[in-house]
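Q: Got chain F sorted already, so can you dock chain U onto it with the hints?
From first to last, the protein sequence lines are chains F and U.
For the first sequence, counting from 1, position 27 maps to 26 in numbering that gives the first Met the number 0; every step adds exactly one.
For the second sequence, counting from 1, position 123 maps to 122 in numbering that gives the first Met the number 0; every step adds exactly one.
Please keep in mind that the hints were generated in silico from the structure rather than gathered at the bench.
Please note: incorrect hints may appear among the correct ones.
Simulated pairs of lysine-lysine, DSSO-like, Cα-Cα distance not exceeding 30 Å [stated by the list, open to error]:
| id | chain 1 | residue 1 | chain 2 | residue 2 |
| --- | --- | --- | --- | --- |
| 1 | U | K99 | F | K73 |
| 2 | F | K25 | U | K99 |
| 3 | F | K73 | U | K2 |
| 4 | F | K25 | U | K2 |
| 5 | F | K25 | F | K73 |
| 6 | U | K2 | F | K24 |
| 7 | F | K24 | F | K73 |
Sample of chain U residues with no beta-carbon within 12 Å of chain F, all distances over it, derived [claimed, not checked]:
| id | residue |
| --- | --- |
| 8 | G12 |
| 9 | L72 |
| 10 | A75 |
| 11 | F79 |
| 12 | E96 |
| 13 | I97 |
| 14 | T100 |
| 15 | F150 |
| 16 | I161 |
| 17 | H181 |
| 18 | F182 |
| 19 | G189 |
| 20 | Q192 |
| 21 | G194 |
| 22 | L204 |
Backbone N, C-alpha and C fix where the C-beta goes; we use that ideal spot for every residue, glycine too.
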Amino acid sequence: MAENILIIVLSTISLIAAVFAVVTKKTINAIISSGVVSLMASITFLLVAAPDVAMTEAAIGSGLTTVVFLYALKHVRGQRSSRDD
Amino acid sequence: MIKYILIFLVLIGMAWLFFPLVVEFFTPDITNNLAANYVFGSAADLNMPNAVTAVVVTYRGLDTLGEVTVLFLATAGVGFFLKRKKHMEGIRRPGSEILKTGSEILAPLIIIFGIYIFTHGHLTPGGGFPGGVVMASAFLLLLMANENFGFSHGIINLTETISGIGYVLIGITGLVLLGLNHFLDPRWLGLGQWGRLFSAGAVPLIYSFIGLKVGAEMSGLLDSLQSDGGEQ
Chain F
0 MAENILIIVL STISLIAAVF AVVTKKTINA IISSGVVSLM ASITFLLVAA PDVAMTEAAI
60 GSGLTTVVFL YALKHVRGQR SSRDD
Chain U
0 MIKYILIFLV LIGMAWLFFP LVVEFFTPDI TNNLAANYVF GSAADLNMPN AVTAVVVTYR
60 GLDTLGEVTV LFLATAGVGF FLKRKKHMEG IRRPGSEILK TGSEILAPLI IIFGIYIFTH
120 GHLTPGGGFP GGVVMASAFL LLLMANENFG FSHGIINLTE TISGIGYVLI GITGLVLLGL
180 NHFLDPRWLG LGQWGRLFSA GAVPLIYSFI GLKVGAEMSG LLDSLQSDGG EQ
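With the rest of the complex left out, here is chain F:
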């Protein structure tokens, strides 16, 4: 039962973060909040007894993907005049 409540809380946080990623104006906020979605997903995987998937999701989803997006943002800003922040 406690597990179910925790999963519902985590899903709610990731839903809020996902909606925030869509509606926010600054690109960097969207990148960070999509990282939050991945982090919540990885905790959920841990709760439903999939530790290996949780490990991969935490390392790739919230670690490397966020950084790759940040580098991509840097590239885009370098080529355009930075107008969206």
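A: Just chain U, lined up with the frame of chain F:
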């Protein structure tokens, strides 16, 4: 405004679509024939406690080989497209004092943890892919903390090549030693004692090669993203 209303409509639609899946979900008490074969076969035939690794490396080994190939192609593509703008070498901002000190303590531990994950893939959760990515995240930490840090691309390419060739060679050895339908069969190396590090045939070797390959590819990808195009 209409955009937000549409977003919430799509969200409600998705919830309506997936709600039956969540409500009707239950954990089955008995496994079906295929799953039972995998679960009991991993213990009986392969002497491997982690059934997930048994499926990924042995029973579905060809899929894993394809997955490694796809990853290699993806990183090679990124490297190819980023390497063409070599003249845009930028000035890197040094990391803060906290980041520098923290990375000195944490990076070796993270690398050792990554090595642990992929060498113990047949015993504990995890395997080559998570282990390699964890190693790459340690290199990312070093890359962010020190502005002069860089990899030798020769070593990275060498690691990648040796791991890829080693993985295929292990598969072919199974083919040569055990017979025609034993490509990627790890049982040509002794099965060893249950639960020890050197057991389960060639699986630790295969996962070490995959881990090194994934780690080298990811580190090379991050390095080429870092060293290219930063002109601020």
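Q: Could you tell me which of the hints above the structure violates, numbers in ascending order?
A: The structure conflicts with no hint, since it agrees with every one listed earlier.
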